[in-house]
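Numbered per this note's numbering, the sequence shown spans residues 2 to 300.
I should point out that these hints are in silico values taken from the structure, not numbers from a laboratory. These figures come from a predicted structure and were not determined experimentally. Glycine included, each C-beta is placed from N, C-alpha and C at the ideal position. There's no promise every hint is true.
With a straight-line Cα cutoff of 30 Å, these simulated DSS-like cross-link-like pairs (lysine-lysine) come out [to be verified]:
hint, residue 1, residue 2
1, Lys276, Lys73
2, Lys46, Lys204
3, Lys239, Lys73
4, Lys20, Lys6
Cβ pair distances, simulated, as ranges [said to hold, decoys possible]:
hint, residue 1, residue 2, range
5, Asn177, Glu285, 48 to 58 Å
6, His258, Cys235, 14 to 24 Å
7, Gly141, Gln250, 40 to 50 Å
8, Lys118, Met216, 38 to 48 Å
9, Ile195, Gln250, 38 to 48 Å
10, Lys6, Lys118, 21 to 31 Å
11, Phe193, Ser157, 33 to 43 Å
12, Asp205, Lys276, 29 to 39 Å
13, Lys6, Lys204, 47 to 57 Å
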Amino acid sequence: MKLDKLLANIANCEVELDKDLSKFSTMRLQASGDLISVTNEQALKEVLITLKNNQQKFIVLGMGANQLLKSKSELPYLMLKFEFDSAILNEPRESYLVPASLRLSSLTSHAAKFGLKGWEVFTGVPATIGGALFMNAGTGLGEICQVVKKVWYLTSEGKRVEHDVTPESFSYRKNNFLNAGDVIVAAELVHFGIDEEIKFLIKDYLQKRNASQPMSSFTCGCVFKNSSFEGVSCPAGKFIDIIGLKGLQVGGIRISHKHGNFMENFDNATYEDVKELISIVQHELKQQFGINFELEVKV
């Protein structure tokens, strides 16, 4: 049975078959696939149960910043479009209950306006709350796990789970509590008080990122996780630069001249182009340094 027929009786759920998904990827890859959109948690629950009962796997799609979309996806994408009362951000609070579909840029603006200490970690991260929590997104200013108190998610069977965040809940660029098929629906965020310097910290960090990273290009963010060897930090971008791979291109994708850990779509790049370039870089890094650099982007 086709996906639109399978989910036809679920309210607040929209199914679009063979949809052009290029604009759903920050890298703007040529991509298409079936897209399921839900606007509330009840719809998500019913979708998850139906997909589970029909042995249908899926891929959660947020802002498409840390994942590569295939030219033609065999699995449907699932997108949350939950409503959010923006009035919550009209004044500072001790804690904030936010939906997984909320973009971090909204929180960065709120942090800068009111000086919320700790929320500078959201700066410049092109992600939704759900996507950022899934991979424990972070920058040089910290990681999102530092300001999260609770996470709510639905299991693949539609069961709602409340997770109290502990130091063991997250590690570098990953969560340690979700199972395959689980979908984050909301989170409780906290901060460490008010500090007027936060807005200047955010502004300064954005200026530095704009100067050192290709922020105006179509990228997926950092491609590789930073590594370490015998206790020594090994930044992926620096090592890619050392072996002279900046500017290397395959099809419509190339390694940025500005930052070695970024790949830019400059001419209608495809998933296959990116995969091939990633393979070349990993091989060269292994050959030159004997270090395996893991992927940060989800393929």
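*Among the hints numbered above, which are violated by the structure, and what are their numbers in rising order?*
2, 3, 5, 7, 8, 10
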